[in-house]
Amino acid sequence: MSDARTDDVKFDEQALVRKANRQDLRFAIVGFVVLVLAMATLMALVIDFMIDGIPRISWEFLTSYPSRRPQQAGILSAWVGSTLVMLTTAALAVPVGVAAGIYLEEYAPKNWMTDVIEINVTNLAGVPSIIYGLLALGLFVYGLRLGQTVLVAGLTLALLILPIIIVATREALRSIPLEIREAAYGLGADKWQAIWMYLLPAARPGILTGAIVGMSRAIGETAPIITIGALSFIAFLPPAPVSASFPFVSFDWLNSPFTVMPIQMFNWISRPQAGFHVAAAATGVILLAMTLLMNGLAIYIRYRIRRGAK
Amino acid sequence: MDAMTDAPGSATDNPAKALEGPVRARINKLSFFYGEKQALFDVSFPIYDRKVTAMIGPSGCGKSTLLRAMNRMHDLYAGNRYAGEIILYPEAINIVSSQVDPMLVRLKIGMVFQKPNPFPKSIYDNVASGLWVRGIKKKAVVDERVEAVLKQAALWNEVKDRLSTSAYGLSGGQQQRLCIARALAPEPEMILLDEPTSALDPIATARIEELVSELASMVTIVIVTHNMQQAARISNFTAFMHLGQMAEFAPTEKIFTNPDDKRTQDYITGRFG
Amino acid sequence: MTVSSRDDAPLRYGSYVAAKSFLRRRAIIAHVMRVLLFLAAALSVFITGAIVYILLYDTVLFFQQVSIISFLTDTEWTPVFENPKFGIITLVSGTLMTTFIGLLFAVPAGTVLSIYLSEFARPVMRETIKPILELLAGVPTVAFGYFALFFLTPIFQMFIPELRGFNLLVPGIVIGIMILPYIVSVAEDAMRAVPDSLREGAYALGFTRFQTAVKVVIPGAFSGVTAAYILGMSRAVGETMVVAIAAGQQARIAFNPLEGAATITAYIVQISLGDLPHNSLAYLTIFAAGLTLFLMTMAFNLLAFWLRRKYREVY
Chain H
0 MSDARTDDVK
10 FDEQALVRKA
20 NRQDLRFAIV
30 GFVVLVLAMA
40 TLMALVIDFM
50 IDGIPRISWE
60 FLTSYPSRRP
70 QQAGILSAWV
80 GSTLVMLTTA
90 ALAVPVGVAA
100 GIYLEEYAPK
110 NWMTDVIEIN
120 VTNLAGVPSI
130 IYGLLALGLF
140 VYGLRLGQTV
150 LVAGLTLALL
160 ILPIIIVATR
170 EALRSIPLEI
180 REAAYGLGAD
190 KWQAIWMYLL
200 PAARPGILTG
210 AIVGMSRAIG
220 ETAPIITIGA
230 LSFIAFLPPA
240 PVSASFPFVS
250 FDWLNSPFTV
260 MPIQMFNWIS
270 RPQAGFHVAA
280 AATGVILLAM
290 TLLMNGLAIY
300 IRYRIRRGAK
Chain Z
0 MDAMTDAPGS
10 ATDNPAKALE
20 GPVRARINKL
30 SFFYGEKQAL
40 FDVSFPIYDR
50 KVTAMIGPSG
60 CGKSTLLRAM
70 NRMHDLYAGN
80 RYAGEIILYP
90 EAINIVSSQV
100 DPMLVRLKIG
110 MVFQKPNPFP
120 KSIYDNVASG
130 LWVRGIKKKA
140 VVDERVEAVL
150 KQAALWNEVK
160 DRLSTSAYGL
170 SGGQQQRLCI
180 ARALAPEPEM
190 ILLDEPTSAL
200 DPIATARIEE
210 LVSELASMVT
220 IVIVTHNMQQ
230 AARISNFTAF
240 MHLGQMAEFA
250 PTEKIFTNPD
260 DKRTQDYITG
270 RFG
Chain G
0 MTVSSRDDAP
10 LRYGSYVAAK
20 SFLRRRAIIA
30 HVMRVLLFLA
40 AALSVFITGA
50 IVYILLYDTV
60 LFFQQVSIIS
70 FLTDTEWTPV
80 FENPKFGIIT
90 LVSGTLMTTF
100 IGLLFAVPAG
110 TVLSIYLSEF
120 ARPVMRETIK
130 PILELLAGVP
140 TVAFGYFALF
150 FLTPIFQMFI
160 PELRGFNLLV
170 PGIVIGIMIL
180 PYIVSVAEDA
190 MRAVPDSLRE
200 GAYALGFTRF
210 QTAVKVVIPG
220 AFSGVTAAYI
230 LGMSRAVGET
240 MVVAIAAGQQ
250 ARIAFNPLEG
260 AATITAYIVQ
270 ISLGDLPHNS
280 LAYLTIFAAG
290 LTLFLMTMAF
300 NLLAFWLRRK
310 YREVY
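Protein chains in written order, with numbering that gives the first Met the number 0: chain H, 0 to 309; chain Z, 0 to 272; chain G, 0 to 314.
Check each hint, because a few of them may be wrong.
Claimed, not checked - Simulated crosslink set (BS3-like; lysine-lysine; CA at most 25 Å straight-line):
| id | chain 1 | residue 1 | chain 2 | residue 2 |
| --- | --- | --- | --- | --- |
| 1 | G | K309 | Z | K138 |
| 2 | Z | K138 | Z | K159 |
| 3 | Z | K159 | H | K18 |
| 4 | G | K214 | Z | K137 |
| 5 | Z | K114 | G | K129 |
| 6 | H | K18 | Z | K150 |
| 7 | Z | K138 | Z | K150 |
| 8 | Z | K120 | Z | K136 |
| 9 | G | K214 | Z | K114 |
To be verified - Restraint ranges, calculated between C-beta atoms of paired labels, are given here:
| id | chain 1 | residue 1 | chain 2 | residue 2 | range |
| --- | --- | --- | --- | --- | --- |
| 10 | Z | S197 | H | P204 | 53 to 59 Å |
| 11 | G | S196 | Z | Q244 | 26 to 32 Å |
| 12 | H | M42 | Z | Q37 | 35 to 41 Å |
| 13 | H | A273 | G | E81 | 57 to 63 Å |
Bear in mind the hints are in silico, worked out from the structure with no lab data behind them.
From a predicted model like this one, the values you see are computed outputs, not experimental measurements.
Note that the Cβ used here is the ideal one computed from N, Cα and C, for glycine as well.
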């Protein structure tokens, strides 16, 4: 064939194939082992919490306030606080995040300004959560004199999960099949009508997934809440959102001091008494259940979307 | 390479066959299934050693499927199944048998793809890859071989001063010649070309056709092409495929001037395709 | 308009035209919405600006009382002592140490796992594993902190008796576990973006699956894989609760992973838990520390962003 003789380049084919298969097998085993280790760690974590914490969960636990005595401590103020903060966060983050996502995906021209906005969104997604806490401390708590309240917590967490919602909205819009878009515009709709009446509904599952993931993140966030100064010995509840007299709905709870579950958990972990550690584990079980459920729900919705698209 | 004297089973009614020489591979009642769907139906024809065999036919006739069966490319994707045999000589092994490791087949039979697909590495590294994975690492040997095949591919003069630059810096035609050199480097017993010029401009196409003609006397070549004129120009034998079946196999001249099968006749004259 | 409202009126195509007033209103709504949507998007720029402003403002106040030189070169961090020292190197060393340990674990594991998912695993397996990794990523950090302090540290102490109750080793490993899903997700995405034609070329030449992954796919996905590592690093640097719970509060130059040390993030938590008067020097330190942290992560994020853009362009 050429001047480099075949004898020089001879190789043992069978041996090579055997060696190759061994190499592939070895790597497959290594990969599998790493996988098993990762899953084992997750299992260990969940089981550890369940063992430590489940016995402690009881009706009293859910309806008592924190106490100096480990046996009487409960998470009433914590889970109520978490619920109120989550409501605020959702109410703020979802509309703004979806709006921003719509703009970036449907309206934004390809110029430097859009680039700047996109870089910012990506950067903000990677900013440590504690920095958001510092921002809130300087801007909301002291700058705007809003104090250490539910509203500020909601604002902080909303800013934190905003990038998640924006990205989810964009991806959801991007994956709408061309036929739906063409049909909407073909009917004579203008841009906003097409979005509001046709595209947003089509993107709803994707956006929902993003919102769930965002909320799941927010419910477990501790650092920014610590920074804005949520106290953890709150032995009262924020004012109720409903009242017996006119106007029947109140927003006073937004201005109230509060605590949330991860804070309560952190506080109990930091105490020396083992009894508090158990209470922390119990809180952890509830938190884990909620986040695993929410993430699982998001994964399920995403699976259904993909199946529906086929 | 030793000449193969074994040519079992080929029809001896045609005295001209003696001029065709030994058989390198024999496709014997080969069928292929993508899952439930059958794509090849009892295909049989020989591949003559150091000749160019072309496979032509309308889209969907199975020519690419057949080509990719010859180096077990289908094994990369789940659900595919072979029936029948492709016997490779002189080893006399059935390369589509499940007992035969696909990698073994690919060590013997190389492939060049429709769209040039050089690795994200330097020109030198691309050509040397085939040698390295076979354990041939001595620099002197590899250097010599790389130069030799690049010369064969008529690429050496264009790249000899930039062997360490990225292969993506080459034009489409050059990249395809690089891929041919890459496939040649480990001296395979056979090279499969899957529509190698369909993504190239006419000038690049002409150069590659020239290359194939030159290589023919040294390597056994099987080429799939949808360009009839190309098949007529460069191949010694042509197989016309239609709807997964082998409609006709004959020396190229006969296929294009005096085919036996009506389907071949219709395709050649442009009735369909 | 000439459309009749009677059911049996014959359809007259071309006769229904929208009223001018409707079109005008529609245009106004469209314009208003566009402005509102733009403001929502521009908010992200405003947030970044606000972060930078708040951090800078208080850091400037801080540097009015403490020299930058001593901030960068002092080797102790004792803000509440009689003679306070503000050497940020101590906190940075704690952060870098835990990050380093985390990467030591997560980079090899993450690379192996993403190669496995992208090149070896069957689709069914891939679709099962990826959700599990997502669930792992969704576990609250405070839970990981509990896990590190009460479960892992005692276990590790059985094998390493010199390991203190508060140390850097265990939080480091836990951080590695936490960033694993991020690294795998980004790296695997990058690898899947490498076109199949390259893989087929490799297999046709006689490459093994492993050789194809290492010699063809990874070089092809190189910038994306690097971006994955950098993003993981950024996440590790910013991690707060695990270190706040399990690494201790001692601010020192951290060489020994068997002892505890404060990280930037743990320090900020420590001060926030206390009752420092607003605008006291110690209060201002958290902003100086925060700015340091922000600059570090922003550098990483921008680098990763640029790298990901680069690999998207190649294909």
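*Would you list, in rising numerical order, the hints stated earlier that this structure does not obey?*
Violated hints (numbers, rising): 1, 3, 5, 6, 10, 12, 13; every other hint is consistent with the structure.
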